[in-house]
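*Asks:* Given chain A's structure and the hints, the job is docking chain B onto it.
Those sequence lines, one after another, are chains A and B.
Using my numbering, the letters of the first sequence correspond one by one to residues 1 to 138.
Using my numbering, the letters of the second sequence correspond one by one to residues 1 to 294.
There's no promise every hint is true.
What the hints assert, rightly or not - With a straight-line Cα cutoff of 25 Å, these simulated DSS-like cross-link-like pairs (lysine-lysine) come out: (1) A:52 / A:89; (2) A:84 / B:51; (3) B:51 / A:52; (4) B:51 / A:37; (5) A:52 / B:291; (6) A:108 / A:89; (7) A:84 / B:34; (8) B:251 / B:31; (9) B:251 / B:9; (10) A:37 / A:52; (11) B:221 / A:124; (12) A:84 / B:251; (13) B:102 / A:102; (14) A:108 / B:137; (15) A:124 / B:137.
Claimed, not checked - Just so you have them, the derived chain A footprint on chain B, three or more residues with Cβ under 8 Å: (16) 146-154; (17) 178-191; (18) 212-220; (19) 274-286.
Said to hold, decoys possible - Sample of chain B residues lacking proximity to chain A, with all beta carbon distances greater than 12 Å (derived): (20) 14; (21) 15; (22) 16; (23) 17; (24) 18; (25) 47; (26) 51; (27) 71; (28) 130; (29) 159; (30) 162; (31) 170; (32) 194; (33) 256; (34) 265.
Source of the hints: derived by calculation from the structure; they are not laboratory data.
A virtual CB, placed ideally from N, CA and C, is assigned to each residue, including glycine.
The lines below spell out each chain.
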Amino acid sequence: MADNLSCTVVTPAQTIYAGEATYVGLPGEVGSFGVMKGHEPLVSTLGSGIVKIDAVQASESARYVIAGGYAEIDDNAVIVLADKAVAIKDINVADVRAQAAKVEETLKGIPEGDADRAYYQDQKNWLNLQLTSASAAE
Amino acid sequence: MANLRDIKKRINSVTSTKQITRTMEMVATAKIRKATDRVVAATPYSEAMLKMLNNLAGNASEASHPLLAEHAEKKHVLFVIVCSDRGLAGAFNSNVLHTAEKKAVAYQGQGVTVDYILCGKKSIGYFAYRGVSPIMKFAGISADPTLDEARRIASFVREGYAAGTYDEVVIYYNHARNAADQDLRCEQLLPVDVSAVKSDEVQGPAATFDFEPNEAAVLSKLLPAYVETMVYHALIDSAAAEQGARRKAMKSATDNATDIINTLQRQYNRARQGAITTEISEIVGGAAALKKEE
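Next comes chain A alone, as it looks inside the complex (with noise of 0.2 Å):
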């Protein structure tokens, strides 16, 4: 256990994740970076992206898409706070693609200048880029 760090994911939702890893890769706003045993104190802001988890158990290791979000790393503990988060195998292309086409159809409907426009928007951006990771990861 000497080379492990403790690790959570979590939503404003919920938990996602909990356990013991060796290595989190993170999609820091300002570049990629990887955390191992010993890093030092940080906080960064996390851009879109895939936060990847080697955990101690090869078969817990797992990879989710997050949108915007912050991560802590102090006394070998990462907490990733993600805005919105899934698990890469969980993304279910077809159902996501049916979501974005909905979106889209509302997002056209909404005269521009709208406040409502942002939300729609923000919620396009979402589910492009689970599209985008899901076909990458194939």
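*Replies:* Structure of chain B alone, referenced to chain A:
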């Protein structure tokens, strides 16, 4: 004395009411679990965020971010009021509504304009009756609030505050202290109160952190998210409190119905006994009269 049939009718009516309130009580009990689970699931995020903000707050001065800066004059205040969609939960909604309205009247007395964002049909109805039209309203989400609503509310208030449209944003909601008790909470969303964030327990390591890309950038991302978290927390907390309040209200309604049924049953028995006694004395009287004639 009320006649037998009337009393019987009332007993039947109260009994069926009791059945309904009992069912509602049980449904609310089942829902409390789900609602509190959601609050518990959301806690790690808000705690981690508080801790992070706390690490930053040591270095945050008022001027460092528009969401921290207090506006010099308070002229336009925004109330976010979180209620339920359905009633029958005791004083759950009226507590929030009365407190908020009282505060609003006090503000208006000082020449401050008050706007509202309303969550829950009960609050929308209450203010519509008083001729107040809210800036934003959300109906049908009180039992199942999602992050989306929280994001919409948060982004609206953030923009309003940063643009100077609003000078203060306050949120009113019920906090579920436990499964049975609720507290009314009134929290200041904006400007973000850094002194409330700075907790005593997590002080010390602030200086040792590196910030990526830099402190100001992290702060300016973290603060909006913090507002969002506060709103979301208020929504789910209120949802849990609603079920608790409903269970309590329905329990006392069921108990009352039981009492009323007991009283009515006693009246019914007395009336029946009275009728029988009258009948017997009539028969005895009639028999005596017949005997005399013989």
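*Asks:* None of the hints should be skipped; say for each whether it holds.
*Replies:* Here is how each hint holds up against the structure:
no.	hint	in the structure
1	A:52 / A:89	12 Å, holds
2	A:84 / B:51	20 Å, holds
3	B:51 / A:52	24 Å, holds
4	B:51 / A:37	21 Å, holds
5	A:52 / B:291	108 Å, violated
6	A:108 / A:89	31 Å, violated
7	A:84 / B:34	22 Å, holds
8	B:251 / B:31	15 Å, holds
9	B:251 / B:9	23 Å, holds
10	A:37 / A:52	15 Å, holds
11	B:221 / A:124	21 Å, holds
12	A:84 / B:251	39 Å, violated
13	B:102 / A:102	43 Å, violated
14	A:108 / B:137	23 Å, holds
15	A:124 / B:137	24 Å, holds
16	146-154	holds (count 5)
17	178-191	violated (count 0)
18	212-220	holds (count 4)
19	274-286	violated (count 0)
20	14	43 Å, holds
21	15	42 Å, holds
22	16	40 Å, holds
23	17	38 Å, holds
24	18	38 Å, holds
25	47	9 Å, violated
26	51	7 Å, violated
27	71	22 Å, holds
28	130	25 Å, holds
29	159	8 Å, violated
30	162	14 Å, holds
31	170	21 Å, holds
32	194	16 Å, holds
33	256	38 Å, holds
34	265	50 Å, holds
The structure does not agree with the numbered hints 5, 6, 12, 13, 17, 19, 25, 26, 29 stated previously, though it agrees with the rest.
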